[in-house]
Amino acid sequence: MLKNVMLGLVMACCASLAALAEEPKSGGVINVVIQPEPPGLMLAMIQNGPTQMVSGNIFEGLLRYSPTLEPLPGLAESWTVSADAKVYTFKLKPGVTWHDGKPFTSADVLFSLDMLKQTHARARNNMVQIDKVEAPDDLTVVFTLKQPFGPFLGIFEVGSMPMIPKHLYEGTDYKTNPYNNAPVGTGPFMFKEWQKGSFIHLVKNPNYHVKGKPYIDDIYWQVIPDAAARSVAYETGKVDVLPGGSVENFDVPRISKLKNTCVTGAGWEFFSPLSWLWLNNRSGPTADKRIRQAILYAIDRDFARDVIWNGLGKVATGPSASSIKFYTDDVAKYPFDPAKARALLKEAGYKGEKIRLLPLAYGETWQRWAEAVKQNLQDVGMNIETIATDVAGGNQKIADWDYDIAFTYLYQYGDPALGVGRNYISSQISKGQVFNNVEGYSNPEIDRLFAEGAVATPDAKRQEIYDKAQKILVEDVPVAWLLELQFPTITRCTVKDLITTAIGVNDGFRDAWIDK
Amino acid sequence: MLSFVAQRVAKGAIVLLAIIVMNFFLIRLAPGDPAMVMAGEAGASDPIFVAQLREKFGLDRPLPEQLWRYVKGIVSLDLGFSFRQQAPVAQLILERLPATLLLTGTAFALSLGLGIMFGGLAARRPGTAADSAITIVALLFYATPLFWIALMAILLFSVTLDWLPSFGFETVGGNYTGTAHLRDIAAHLVMPASTLGLFFMASYTRMTRAAMLEVRQLDFVKTARAKGLSDAVIERRHVLRNALLPVVTLAGLQAGTLIGGAVLTETVFAWPGIGRLMYDALIQRDYNLLLGVFVVSSAMVLILNLVTDLAYRMIDPRIEYNP
Amino acid sequence: MKRLLLKLRRHPSGLLGVVILVIVVLVAAFGPLLFPTSPWRMVQRPFLPPFTLSKVPLGTDALGRDVFAGIIFGARVSLLVGLVSTLAALLVGVPVGAIAGYFGGRTDDALMRFTEFFQTIPSFALAIVLVAILQPSIVSITAAIAIVSWPPVARLVRGEVLSLRGRDYVQAAIATGQTHRWVIWHEILPNALSPLIVLASLMVATAILLESSLSFLGLGDPNLISWGYMVGAGRTVIRQAWWITVFPGLAILLSVLGLNLIGEGLNDALNPRLSRDGGR
Numbered sequence: 005m006l007k008n009v010m011l012g013l014v015m016a017c018c019a020s021l022a023a024l025a026e027e028p029k030s031g032g033v034i035n036v037v038i039q040p041e042p043p044g045l046m047l048a049m050i051q052n053g054p055t056q057m058v059s060g061n062i063f064e065g066l067l068r069y070s071p072t073l074e075p076l077p078g079l080a081e082s083w084t085v086s087a088d089a090k091v092y093t094f095k096l097k098p099g100v101t102w103h104d105g106k107p108f109t110s111a112d113v114l115f116s117l118d119m120l121k122q123t124h125a126r127a128r129n130n131m132v133q134i135d136k137v138e139a140p141d142d143l144t145v146v147f148t149l150k151q152p153f154g155p156f157l158g159i160f161e162v163g164s165m166p167m168i169p170k171h172l173y174e175g176t177d178y179k180t181n182p183y184n185n186a187p188v189g190t191g192p193f194m195f196k197e198w199q200k201g202s203f204i205h206l207v208k209n210p211n212y213h214v215k216g217k218p219y220i221d222d223i224y225w226q227v228i229p230d231a232a233a234r235s236v237a238y239e240t241g242k243v244d245v246l247p248g249g250s251v252e253n254f255d256v257p258r259i260s261k262l263k264n265t266c267v268t269g270a271g272w273e274f275f276s277p278l279s280w281l282w283l284n285n286r287s288g289p290t291a292d293k294r295i296r297q298a299i300l301y302a303i304d305r306d307f308a309r310d311v312i313w314n315g316l317g318k319v320a321t322g323p324s325a326s327s328i329k330f331y332t333d334d335v336a337k338y339p340f341d342p343a344k345a346r347a348l349l350k351e352a353g354y355k356g357e358k359i360r361l362l363p364l365a366y367g368e369t370w371q372r373w374a375e376a377v378k379q380n381l382q383d384v385g386m387n388i389e390t391i392a393t394d395v396a397g398g399n400q401k402i403a404d405w406d407y408d409i410a411f412t413y414l415y416q417y418g419d420p421a422l423g424v425g426r427n428y429i430s431s432q433i434s435k436g437q438v439f440n441n442v443e444g445y446s447n448p449e450i451d452r453l454f455a456e457g458a459v460a461t462p463d464a465k466r467q468e469i470y471d472k473a474q475k476i477l478v479e480d481v482p483v484a485w486l487l488e489l490q491f492p493t494i495t496r497c498t499v500k501d502l503i504t505t506a507i508g509v510n511d512g513f514r515d516a517w518i519d520k
Numbered sequence: 018m019l020s021f022v023a024q025r026v027a028k029g030a031i032v033l034l035a036i037i038v039m040n041f042f043l044i045r046l047a048p049g050d051p052a053m054v055m056a057g058e059a060g061a062s063d064p065i066f067v068a069q070l071r072e073k074f075g076l077d078r079p080l081p082e083q084l085w086r087y088v089k090g091i092v093s094l095d096l097g098f099s100f101r102q103q104a105p106v107a108q109l110i111l112e113r114l115p116a117t118l119l120l121t122g123t124a125f126a127l128s129l130g131l132g133i134m135f136g137g138l139a140a141r142r143p144g145t146a147a148d149s150a151i152t153i154v155a156l157l158f159y160a161t162p163l164f165w166i167a168l169m170a171i172l173l174f175s176v177t178l179d180w181l182p183s184f185g186f187e188t189v190g191g192n193y194t195g196t197a198h199l200r201d202i203a204a205h206l207v208m209p210a211s212t213l214g215l216f217f218m219a220s221y222t223r224m225t226r227a228a229m230l231e232v233r234q235l236d237f238v239k240t241a242r243a244k245g246l247s248d249a250v251i252e253r254r255h256v257l258r259n260a261l262l263p264v265v266t267l268a269g270l271q272a273g274t275l276i277g278g279a280v281l282t283e284t285v286f287a288w289p290g291i292g293r294l295m296y297d298a299l300i301q302r303d304y305n306l307l308l309g310v311f312v313v314s315s316a317m318v319l320i321l322n323l324v325t326d327l328a329y330r331m332i333d334p335r336i337e338y339n340p
Numbered sequence: 005m006k007r008l009l010l011k012l013r014r015h016p017s018g019l020l021g022v023v024i025l026v027i028v029v030l031v032a033a034f035g036p037l038l039f040p041t042s043p044w045r046m047v048q049r050p051f052l053p054p055f056t057l058s059k060v061p062l063g064t065d066a067l068g069r070d071v072f073a074g075i076i077f078g079a080r081v082s083l084l085v086g087l088v089s090t091l092a093a094l095l096v097g098v099p100v101g102a103i104a105g106y107f108g109g110r111t112d113d114a115l116m117r118f119t120e121f122f123q124t125i126p127s128f129a130l131a132i133v134l135v136a137i138l139q140p141s142i143v144s145i146t147a148a149i150a151i152v153s154w155p156p157v158a159r160l161v162r163g164e165v166l167s168l169r170g171r172d173y174v175q176a177a178i179a180t181g182q183t184h185r186w187v188i189w190h191e192i193l194p195n196a197l198s199p200l201i202v203l204a205s206l207m208v209a210t211a212i213l214l215e216s217s218l219s220f221l222g223l224g225d226p227n228l229i230s231w232g233y234m235v236g237a238g239r240t241v242i243r244q245a246w247w248i249t250v251f252p253g254l255a256i257l258l259s260v261l262g263l264n265l266i267g268e269g270l271n272d273a274l275n276p277r278l279s280r281d282g283g284r
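Keeping their order, the protein sequence lines are chains A, B and C. Take 5 as the starting number for the first sequence in our numbering and just add one per residue. Take 18 as the starting number for the second sequence in our numbering and just add one per residue. Take 5 as the starting number for the third sequence in our numbering and just add one per residue.
In case anyone wonders, no lab produced these hints; they're calculated from the structure. No residue lacks a Cβ here, since even glycine has one placed at the ideal position from N, Cα and C. Careful, some of the hints might be misleading.
What the hints assert, rightly or not - Below, computed lysine to any residue pairings styled on SDA-like, alpha-carbon distance capped at 25 Å:
#1 B:K73 x A:P182
#2 B:K28 x C:G108
#3 A:K350 x A:Q382
#4 A:K263 x B:L172
#5 B:K28 x C:L166
#6 B:K73 x A:N181
#7 A:K200 x B:G122
#8 A:K196 x B:Y193
#9 A:K179 x B:R71
#10 A:K179 x B:L172
Said to hold, decoys possible - Cβ-to-Cβ under 8 Å is the rule here; a few derived chain B residues that face chain A:
#11 V54
#12 G57
#13 Y193
#14 G195
#15 A197
#16 A287
#17 R302
Let the sequences and hints guide you as you build the complete structure.
Here you go:
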């Protein structure tokens with residue numbers, strides 16, 4: 005009897021020891037799908053999704069972010085904020101080198117900010133509140149702001165503000181600099197080779213400033229233009245990771261059930277993608293608030309989430325995604341209610357005028373979604389015509405305000421001042437853009453609230469302001485919010501620790517390892 | 018003969034120039050431009066960004082100037098620069114051209130070879146079960162949409178039987194060398210080339226069969242037989258040779274369709290050729306690249322036509338040259 | 005006409021083609037009246053296999069829409085596009101070919117250069133660009149297909165007119181002072197009709213294939229369901245729902261097959277005339 009107890013104790017002990025010993029193993033090659041092929045890898049000049057995904061492992065930003073959007077050390081190992089919240093002092097990590105061996109210093113930071121102001125639209129916007137930047141010594145950078153800016157610590161993500169080597173770019177013509185095709189960064193992986201149409205090959209940086217990392221030796225980003233081919237590639241073991249958006253949603257349930265396959269919706273918290281329908285507030289039937297509300301009642305968003313997105317994602321309640329700061333769901337609700345939609349249409353005097361619907365030309369999922377929504381709207385009596393278009397044509401139409409209803413999804417970047425305001429404030433109404441206040445909504449109250457919210461302190465005050473803003477917007481329905489999207493990342497279960505930050509795969513290969 | 022070739026080349030150059038000019042303006046009629054595409058993918062943009070992109074792509078210059086620069090470039094074999102992919106168009110096309118040539122070349126050889134063989138077989142025993150079988154199968158392949166056959170092939174040989182890889186040029190991260198590499202490419206080539214070839218094989222089968230049957234009735238064949246020549250010799254020297262003429266003509270006519278079919282095949286099988294490149298260039302409004310692919314594929318058609326005409330002459334020296 | 009039908013009857017494959025085509029036309033014309041539920045409606049749960057529920061005999065697609073309804077309504081689009089684009093191609097190709105063949109010389113040269121120009125650009129590539137420029141709709145697809153399909157018509161008509169021009173009765177007509185237009189219309193074209201009919205039937209088949217290829221690539225009219233569109237939509241879910249690609253594909257195959265059989269039958273029936281008048 006005692007022997008059994010002893011045996012049991014020993015076994016339990018060994019089991020827990022085994023659990024403790026989940027030590028990352030070095031080595032290995034990993035194959036990942038990249039879709040579509042990035043137009044380039046120079047992160048300062050190209051901000052497409054695929055570019056960020058690959059180059060986020062080549063370059064680095066001053067900070068990284070946890071899944072709850074807490075800032076973590078990146079190239080800056082510590083930072084302090086002055087009492088008046090206007091001066092931020094960053095201490096850079098010592099001993100960091102570029103892939104070509106030259107040291108990384110504060111001079112690089114100053115140069116990068118300068119370069120990004122010219123080449124990176126989002127960084128340019130984010131830096132508007134900066135009054136001056138100084139580098140008192142090689143490892144210190146001091147930002148002085150014009151006024152307190154709540155989201156300031158959230159703008160240093162690698163895709164939003166990558167650090168660029170001054171010694172390779174200063175004084176050159178950025179557009180034709182040869183390093184655009186062979187990027188040099190400080191990150192855990194170095195660029196090795198790019199066979200256009202086939203693959204991008206990154207290799208481990210042996211002198212990376214985090215000792216022992218990265219664990220993986222090589223990454224091959226495989227270019228496979230066909231969605232079915234990508235699924236097959238995973239099934240036949242040719243690729244090990246399918247980042248979000250690389251396989252059609254309809255395939256995800258089947259692939260998830262395969263052996264040694266793990267799926268997660270994490271890794272998008274920084275981006276918080278939110279999908280909605282632009283509704284033309286200026287002209288056409290959608291200029292009437294009641295018709296816009298009717299649209300929101302008429303759409304079956306649960307169906308979309310369950311059937312088109314395989315249960316991934318959440319029904320959106322308003323302009324902010326639930327994962328970003330200062331969200332509230334204490335707003336008017338719009339459940340699926342066709343009867344109410346019809347009543348509103350009648351009240352607004354809708355007589356069957358044609359309404360043009362613009363789908364998002366990003367693949368089968370969005371095509372099906374456009375068809376489903378069109379059917380929903382036709383069921384309550386709206387006369388919908390789908391306009392066929394590709395990405396270029398669609399963007400052109402939206403930028404020219406030549407639409408009635410148009411699908412889109414945008415990233416929110418963790419903070420309403422960074423990712424939400426731009427779609428609702430009057431100053432952001434300007435033709436020729438697809439990410440600003442395209443719908444033409446203009447409300448002085450909203451303008452005031454967002455202006456105050458950006459510079460208010462402390463956070464409790466910001467919460468109060470944004471609560472009010474969300475309530476007003478949800479009442480006015482300038483756009484029809486659909487779903488908070490979750491793009492599933494599918495990996496072999498033997499690939500560990502790939503998604504540990506708020507941008508997931510984009511900088512995740514630093515910590516990833518293969519459990520052979 | 019040399020003057021014939023020279024004349025054709027000269028005429029072809031004029032046609033190419035006309036194609037360039039027409040497509041130059043045609044492509045720019047499409048709504049949206051590359052700046053719009055890039056801005057859309059960047060997740061954020063502002064007027065400065067879009068203007069920068071437009072300037073980078075040279076889109077802010079007046080059209081005639083853009084056209085003039087482009088044509089000037091063509092003369093020195095410079096097909097322009099693809100700002101989307103940050104590389105010269107000529108280089109991008111050259112990287113992908115071998116894959117398309119391999120695909121279309123193999124498909125062409127397959128279809129012509131098998132087509133003539135089956136057509137000849139069917140013509141040898143007209144009215145028999147073999148003849149009917151061949152004719153029916155040919156008809157079926159001729160009527161089936163190319164993309165559908167491709168999908169069915171993938172469903173059967175990749176998904177169900179797992180005999181063949183369903184995408185790409187070679188195994189991802191395979192790093193094969195020498196004969197192993199060749200075998201790997203061959204394995205990837207089988208399905209795309211077969212699906213592309215089967216459609217055309219059907220038309221060559223039917224054409225060969227019809228032509229051989231027709232020629233066999235002609236007087237000179239009867240004469241040859243009366244003279245005592247063996248059947249085999251008659252078949253080869255007289256019937257086949259003359260029957261090949263319409264087949265060769267057909268092959269020339271279908272050059273354009275073959276290259277067009279490559280676009281579909283490359284898309285379904287993710288084959289890295291210029292067909293797929295063209296489609297992507299259209300979606301991204303990559304004007305220079307799209308124009309470049311048009312020029313190259315039109316040139317290919319012209320060359321194929323010339324080759325067919327020369328082959329025509331070799332098969333039947335009686336044909337006079339009237340270009 | 006009666007002679008034609010008699011000849012056709014001697015070729016069973018041709019007859020089969022006619023039967024198939026008649027079925028397709030009937031489905032296109034009356035199908036939507038008998039089965040009025042729109043193919044866009046989400047009627048059942050998604051990915052329902054075929055032959056399980058009698059209400060949706062061919063299963064449902066990714067959104068739960070009836071595949072059978074899609075095939076019924078898709079017939080209209082395919083036939084319409086095939087017929088209209090062929091007609092348009094004929095309307096362009098016949099005059100061009102006739103004028104080139106009749107007048108010869110410089111006119112012929114110029115027109116043939118023009119035709120050759122269109123034949124050199126790979127037709128599918130040109131069709132894609134045209135549809136993208138004109139924005140996909142049933143009108144733009146029909147126009148694009150017509151634009152890439154007319155050169156063979158012109159070539160054929162030109163060949164026929166060239167060989168017929170030297171005929172006695174034609175010379176006689178010209179000698180007695182008939183206008184060129186009259187001669188072309190009354191003496192030449194009627195005799196060139198046979199190969200033209202054969203070509204036309206094959207062109208409708210090709211047009212249907214072209215339209216389905218364009219829709220497959222996502223360049224179809226988004227407000228009309230077509231067979232090519234269904235195959236394209238089903239492509240990404242082919243592993244779990246083979247029926248979405250198989251059945252519309254079979255529909256395309258049958259229609260094109262029928263038209264090809266008719267074309268061949270017509271060719272056989274009218275062939276003796278062709279070889280008598282000489283081809284080349």
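Can you confirm whether the C-alpha distance between K73 (chain B) and P182 (chain A) stays at or below 25 Å? Since the Cα atoms of K73 (chain B) and P182 (chain A) sit roughly 16 Å apart, the hinted pair holds (cutoff 25 Å).
Is it true that the CA of K179 (chain A) sits at most 25 Å from the CA of L172 (chain B)? Distance ~45 Å between K179 (chain A) and L172 (chain B) Cα, so the pair is violated.
25 Å Cα cutoff - pair K196 (chain A), Y193 (chain B): Since the Cα atoms of K196 (chain A) and Y193 (chain B) sit roughly 19 Å apart, the hinted pair holds (cutoff 25 Å).
Grab the minimum C-beta distance from R302 (chain B) to chain A and call the hint holds if it beats 8 Å, violated otherwise. At about 4 Å, which falls below the 8 Å cut-off, the nearest Cβ of chain A leaves the hint on R302 (chain B) intact, so it holds.
Are K200 (chain A) and G122 (chain B) close enough, with their CA atoms no more than 25 Å apart? holds (22 Å)
Report holds or violated for the interface hint on G195 (chain B), using the least CB-CB distance to chain A and a cut-off of 8 Å. Result: violated, 19 Å to nearest chain A Cβ.
Does the interface hint hold: is V54 (chain B) within less than 8 Å of chain A, judged Cβ to Cβ? Status holds, d = 5 Å.
Tell me if G57 (chain B) is really an interface residue toward chain A, meaning its C-beta lies closer than 8 Å to one of theirs. Nearest chain A Cβ about 4 Å off; hint holds.
For the hint on A197 (chain B), just tell me whether its beta-carbon gets within less than 8 Å of chain A. Violated, because the Cβ-Cβ distance from A197 (chain B) to chain A comes to roughly 17 Å (cut-off 8 Å).
Hinted pair K28 (chain B) and G108 (chain C), Cα distance within 25 Å: holds (19 Å)
Can the restraint linking K28 (chain B) and L166 (chain C) be considered satisfied, given a maximum Cα separation of 25 Å? Holds, because 23 Å separates the two Cα atoms, which is no more than 25 Å.
K179 (chain A) paired with R71 (chain B) [C-alpha distance capped at 25 Å]: holds (13 Å)
The earlier numbered hints that this structure contradicts are 10, 13, 14 and 15.
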